[in-house]
Amino acid sequence: AQKVTQAQTEISVVEKEDVTLDCVYETRDTTYYLFWYKQPPSGELVFLIRRNSFDEQNEISGRYSWNFQKSTSSFNFTITASQVVDSAVYFCALSEGYSGNTPLVFGKGTRLSVIA
Amino acid sequence: NAGVTQTPKFRVLKTGQSMTLLCAQDMNHEYMYWYRQDPGMGLRLIHYSVGEGTTAKGEVPDGYNVSRLKKQNFLLGLESAAPSQTSVYFCASSYLMTGGDLAKNIQYFGAGTRLSVL
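Residue numbers (our numbering), protein chains in the order written: chain A, 67 to 182; chain B, 15 to 132.
This is chain B alone, in the form it adopts within the complex:
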């Protein structure tokens, strides 16, 4: 059981280049999230999805786009990378439990993608 897998683990971009970060989960989770972690800032939410075909903005969405075409995958795109987007990106997923065992509603995180934009 792989859990939450992020691809790639490291990447260096030049300003203006584009790229897509892939998050895949094999736990059949409905919810998926993208966060970024910057030194001294904790983790901040970029975008999230409550199900296949849905996305919503988080705290810091500017400069990013996302897509959730399949339930198991959540893609984060940078159309024109900027140095301010240098960060560690984390993907997470969780169940959607509205009754019963709410203890399952825990966000599980991937190992992170370290992105540098020069």
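This is chain A alone, in the form it adopts within the complex:
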């Protein structure tokens, strides 16, 4: 069965600190996709990144970076030099299969608070 675990329920950091959000997943499929979504206080879900199981290359986008390690079934998300606008709930999600559009299985989310 597929499962996504975000062990950190809440994290609080001071502005400009770096913070890493952990995501551990379980799946029996050899082909799957991993996602991160951001849910700011306004409530909408914002897509951040999609990574397939064949691409373990880390990715950096501005202050955001993602570390995908199949050996530990982890897909961690790091925010460098955090800002107040990064305060949100972050969800990691898994989609099994080749196409990546099977229904998502979400973790329970990590609430990040960045304090000025």
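These are calculated hints, taken from the structure and not from any lab test. Ideal Cβ placement from N, Cα and C applies to all residues, glycine included. Honestly, I wouldn't trust all of these hints.
To be verified - Among the chain B residues that face chain A by a calculated CB cut under 7 Å, a handful are:
id, residue
1, Y45
2, Y47
3, L57
4, L59
5, Y62
6, N119
7, F123
Said to hold, decoys possible - Label pairs and their calculated CB-CB ranges:
id, chain 1, residue 1, chain 2, residue 2, range
8, B, T21, A, D88, 29 to 39 Å
9, B, V64, A, S140, 22 to 32 Å
10, B, N79, A, G109, 20 to 30 Å
11, A, D95, B, D76, 22 to 32 Å
12, A, Y130, B, D76, 33 to 43 Å
13, A, V150, B, F24, 24 to 34 Å
14, A, E81, B, S94, 46 to 56 Å
15, A, Q123, B, F24, 39 to 49 Å
16, B, G77, A, T75, 22 to 32 Å
17, B, V64, A, D88, 28 to 38 Å
18, A, A67, B, S81, 22 to 32 Å
With chain A held as given, fit chain B onto it using these hints.
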């Protein structure tokens, strides 16, 4: 381009009342989904559809029905609302790409419907 639009944004129901949540997308997506979000639970799949006229059950389908009569619309119905259905409901849609640019297979979410059942 509106993307995924959910109607209504807020609703309060009494136990036993019925209602329908509407999801409309203008991106010509084949796949549509309904999720519910409860505190500390993340999002859980209620029902989904892989195309017009098709629906399938997700993780938590009990108490809900869905219909996909038109490709652009996906309706979620509560026949007899219960307090346990108090939640935030999200609709999402995505392309069906089986080859070529699979990067298009991203689920885009609506803004959510906050439902309270008293």
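The hints, checked one at a time:
1. Y45: The hint holds - B:Y45 has a Cβ within 7 Å of chain A, the shortest such distance being about 5 Å.
2. Y47: 6 Å, holds
3. L57: 4 Å, holds
4. L59: Holds. Min distance 5 Å.
5. Y62: 5 Å, holds
6. N119: 4 Å, holds
7. F123: 4 Å, holds
8. B:T21 with A:D88: 29 to 39 Å: With Cβ atoms ~36 Å apart, the hint holds.
9. B:V64 with A:S140: 22 to 32 Å: 30 Å, holds
10. B:N79 with A:G109: 20 to 30 Å: For B:N79 and A:G109 the Cβ distance comes to about 25 Å; the hint holds.
11. A:D95 with B:D76: 22 to 32 Å: 27 Å, holds
12. A:Y130 with B:D76: 33 to 43 Å: 38 Å, holds
13. A:V150 with B:F24: 24 to 34 Å: Holds, since A:V150 and B:F24 (Cβ atoms, about 27 Å apart) stay within the stated range.
14. A:E81 with B:S94: 46 to 56 Å: Holds: the Cβ-Cβ distance is about 48 Å, inside 46 to 56 Å.
15. A:Q123 with B:F24: 39 to 49 Å: This hint holds: roughly 43 Å between Cβ atoms.
16. B:G77 with A:T75: 22 to 32 Å: 27 Å, holds
17. B:V64 with A:D88: 28 to 38 Å: Holds: the Cβ-Cβ distance is about 32 Å, inside 28 to 38 Å.
18. A:A67 with B:S81: 22 to 32 Å: At roughly 29 Å between Cβ atoms, B:S81 and A:A67 fall inside 22 to 32 Å, so the hint holds.
Violated hints: none; the structure is consistent with every hint.
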